[in-house]
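There are 2 protein chains.
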Amino acid sequence: MKLSKMHVKTLREVPNEAEIASHILLLRAGMIKKLVSGVYGFMPLGWRSLRKIEEIIRQEMDAKGGQEILMSAVQPAELWMESGRWSKYGPELWRLKDRNGRDFCLGPTHEEIFTDVVRNDVSSHRQLPLNLYQIQTKYRDEARPRFGLMRSREFIMKDAYSFDKSYEDLDKSYQDMYDAYGEIFTRCGLTFRPVEADTGAIGGSNSHEFTALSEVGESEIAYCESCHMAATTEKALCADAVPSTEAQLPMEEVHTPNTKTIEDVANFLGLDQKQTLKALLFVTYDDEGEENGYVAAFIRGDRELNLIKLVNALNIPEHAIAFADENKMAAATDCVGGFTGPIGLHDCKIVVDSEIPGLKNLCAGACKTDYHLKNVNYGRDYQADIVADIKLLQAGDPCPVCGAAVKHARGIEVGQVFKLGTKYSEAMGAYYKDENQQDQLIVMGCYGIGVTRTLAAIVEQHHDENGIIWPMSVAPYQVVITLVNPEDEIQAEVAEHIYQQLLQARVEVLLDDRKERPGVKFKDADLLGIPVRVTVGRGAAQGQVEYKLRRESEKEEISTEEAIARAIKIVAEER
Amino acid sequence: MKLSKMHVKTLREVPNEAEIASHILLLRAGMIKKLVSGVYGFMPLGWRSLRKIEEIIRQEMDAKGGQEILMSAVQPAELWMESGRWSKYGPELWRLKDRNGRDFCLGPTHEEIFTDVVRNDVSSHRQLPLNLYQIQTKYRDEARPRFGLMRSREFIMKDAYSFDKSYEDLDKSYQDMYDAYGEIFTRCGLTFRPVEADTGAIGGSNSHEFTALSEVGESEIAYCESCHMAATTEKALCADAVPSTEAQLPMEEVHTPNTKTIEDVANFLGLDQKQTLKALLFVTYDDEGEENGYVAAFIRGDRELNLIKLVNALNIPEHAIAFADENKMAAATDCVGGFTGPIGLHDCKIVVDSEIPGLKNLCAGACKTDYHLKNVNYGRDYQADIVADIKLLQAGDPCPVCGAAVKHARGIEVGQVFKLGTKYSEAMGAYYKDENQQDQLIVMGCYGIGVTRTLAAIVEQHHDENGIIWPMSVAPYQVVITLVNPEDEIQAEVAEHIYQQLLQARVEVLLDDRKERPGVKFKDADLLGIPVRVTVGRGAAQGQVEYKLRRESEKEEISTEEAIARAIKIVAEER
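Chains A and E supply the protein sequences, listed in that same order.
Read in order, the letters of the first sequence correspond to residues 32 to 606 in this note's numbering.
Read in order, the letters of the second sequence correspond to residues 32 to 606 in this note's numbering.
Among the hints, erroneous ones may be present.
Heads up, the list lumps identical chains together, so a pair's fine if it works in one copy or across two of them.
Below, in silico cross-link-like pairs of lysine to aspartate or glutamate (EDC-like), each with a Cα-Cα straight-line distance of 16 Å or less [to be verified]: (1) Lys464 to Asp365; (2) Lys95 to Asp470; (3) Lys40 to Glu227; (4) Lys36 to Asp318; (5) Lys464 to Glu585; (6) Lys546 to Asp202; (7) Lys33 to Asp93; (8) Lys380 to Glu173; (9) Lys33 to Glu547; (10) Lys128 to Glu520.
If you are wondering where the hints come from, they were derived from the structure by calculation, not from laboratory data.
Using the sequences and the hints given, assemble the complete structure.
Next comes the structure, spelled out in structure tokens:
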């Protein structure tokens, strides 16, 4: 393609709302275009890269026996009611009505639809296993869309669903997808980690998130370099503190004026924060968004709460909980802001972290302004409604598997795989007949890749201050020929010769034949991030051109023919 | 692919709601699946054919310099308000709100979005011409979705938009697309006609519809075999009757009891229907759907009204008009059901067909029960608000170009091209700077192909009582190997050999290795419509197989190697 004919509108300035490299550079390179908050279009170069990612996904899915289909983006509410998710899914489910007032949603995911297909089509065990997938535009009406393609309201996903006869077969299907994802993200040039993850609104038992490492990612992962432990911090189990063997001392009320924080009370009483009990107060909501109760969560004073673990322990969706208004809650439960402890609380659910019962003689709020209780002991002094691991695994904490110090990293969730089990087949009645003609529930898995988010993650990992540095496999074009002076006949001829030779070799090549200053062309080439640049300038008269890889800083003056040969070779090796 | 591993669920029975061949056969072949009324999913085989159509479109669009992009399916109302279509588009525009109450629609077409892109990106004449296109899921909330993919609420379209400096350049862009469409539909194996068409809700000056001929099509076209005239009946101009040279006779009221129809009154008075004036009564609606006036349309008694021409003459959208309640209208305008004429009517718009002023001494209703007026003459006795061609060109009518008798045919609208001119660039302010740095309006065209509808049209033209007969270019697989008895080792071995040889030759081949009766396999092969069938049965032991083309009835016993060679050859020739 000749750049003079191509619709590429690069920007010199950083768009106002863009904060991270992928957002800034994809906008500046004119590859994406914002329509409204969280809704983007793909311009010619961006769309080419996206289609390459799609093709890589397709190849690896097909290699594992996946079969591509396309189901509708608009989904009838009835199916979501069958699964129970119509009421459970929060406001990010983009709902609409048709002209007859019937309820629909724009699908954020397709478990219901695929389960419906399979319950209708599959009757015999001979039709299983089955893996169906689609690459499709999906919707999530985010409260705060941000970071460009990273958290948008309309986005492209590959979603696959596996259907098996048994949990053992699901293990195999899951492993196939896990392996395929490894191939896909490797081919896309990403540095990533598969980590254990929470199953969230999708449900199911097991899950791994594929996380492209990046400081700007919204996922936080904990991993151990001594063993293979790797999990999102939401999911990561914690090693509980060693149970104390101390004798239980008599409980004692102490005056602790103005010690509203753990730090204050520990300092005031000369205690380690580990000897205190921290309270966090929440209100919960029902499906209609009405308040329906209070929760007090207690963890060791030096710990942080893990909200995902808490909602899982409560078995409620994430959007059904929020920090409580302390005054309002006080009226109902007798909690006291800054001085809440488990003793004296009433009419609220008490959730206690799993290590607390093993600890002795903690200092807790007295539910009385300016007072704490010392030597509070679980069992003797109070009981909980729920005891569960609700604490966050922090960097430096002991690894729950091997005990070594855990590390943290940030990353972008580009894919996630789930063992759904029979959650949807049970809710929606998806059965197969086994060898003995007995009805059995189909065992499911689901597997997503954020295609547009993968594009952004690639840019996050592959850029410098001048622009994008596309890996060959997903570059919109593989080679750019920068024709320094299109008015110069020899230069134009040499550039055209290289262009034709590369086209013949099926190299995807851009010829920058625009009537622009050379500086503009070099800047644009760097911004667009085409992997190989061949510059045709004054040396053309002597049969010399400049050869440069975008990812390297050195340039070489070589012969035209050698440049052609080298370009063909590197494209063949890396495409 | 081995059919035992493939998700194909064929149906023996014709689904209840399916009336036409494409709907019946695509459902029976398990290629599409209905989710709710007007919303379908594509199963593996159907999706493969659809992707082939997409690829043909892509290639031909790219060959004309089209550049593929992808804009959002969800569109903000603001852009539609700028163009004025937010209020003009009827209830088939599927509207929704986001969580903040902001108005959006699911795009049925993308003029606004593409104009917005170009007004932001294009500043100089050097950036034009430009042709941007996308292949995308679109929405139209049809009142009566029917005929499967033919009139559905969610469908895939290719929509392209051209941007030019002048109307002359637009002519070239339009011709390029016109030519590309010819290539595309030819490659898809369709028999079609490009015909002049109305511009409808899209607007603009010129338009052609590409109509795949089919008895079940919803488009009616008029064409002339003596000249090149071809147009939708909505659009087709009519030759007006030769103006009469008769002298105007005095108007005369006659008693015509119970003659409510043209036929009745003509018989009663002994007149030719051509000597009568037919009235049709309508009510119109404003943007809010409130009644805002009445219309009486008059045509020669033997003619049919063309509603599209009438709404164009009135300059209102098609959904803003309906037949009037005669009693209600009578109260306001003094019309009289069955006896309405132009004289005596008031408070309503009178539209008269273009040939009426040239005709003399017509018989019209008297606006008085059981009375007509003879010798009514336009100009002398009444005036119209609008005089325009509002009549339908019917089969046998004289061709408006050459006078020969016109023929009618039915067809499926698979594509349409429009010269938009400056309708959108003017409304939305899309300018470029010319050579003299003066702002000029960008001149636009738009070009649509119903991709899913093309799939259906292909099936309408290529099927028999046993199933689909795919043209090679869009067949989901090119060859099917029917292994008669998978338990027979020799047969299985020969089938596998052919399968491997064809795979190596990059032929898309299905091996029917299912443990089903041979009759089931043959029936399924016919239903699925794979162009070439190689049957491996008892002859396999002697190296003989059966070779058959789906489109032909004869079968041949030939050697395995010849079957392989023939299959490879025909696939190469026709793919």
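Okay, the hints, checked on the actual structure:
Within a single copy, Lys464 and Asp365 get their C-alpha atoms no closer than 57 Å, and across copies no closer than 72 Å, so neither meets the 16 Å cut-off. With identical chains, the CA atoms of Lys95 and Asp470 are never at most 16 Å apart, being 27 Å at best within one copy and 56 Å at best between copies. With identical chains, the CA atoms of Lys40 and Glu227 are never at most 16 Å apart, being 41 Å at best within one copy and 36 Å at best between copies. For the identical chains of this complex, Lys36 and Asp318 are neighbours neither inside a copy (54 Å) nor across copies (42 Å), given an alpha-carbon limit of 16 Å.
In this homomeric assembly, Lys464 and Glu585 never come within 16 Å of each other (Cα to Cα): the closest approach is 65 Å inside a single copy and 40 Å across copies. For the homomeric pair Lys546 and Asp202, neither the shortest alpha-carbon distance inside one copy (59 Å) nor that between copies (27 Å) is at most 16 Å. Taking the shortest Cα distances, Lys33 and Asp93 sit within 16 Å of each other only across copies (13 Å), while inside one copy they are farther apart (34 Å). For the identical chains of this complex, Lys380 and Glu173 are neighbours neither inside a copy (30 Å) nor across copies (50 Å), given an alpha-carbon limit of 16 Å.
For a Cα distance limit of 16 Å, the shortest separation of Lys33 from Glu547 inside one copy, 14 Å, qualifies, whereas the shortest one across copies, 55 Å, does not. In this assembly of identical chains, Lys128 and Glu520 lie within 16 Å of each other by CA distance neither inside one copy nor across copies; the values are 62 Å within and 57 Å between.
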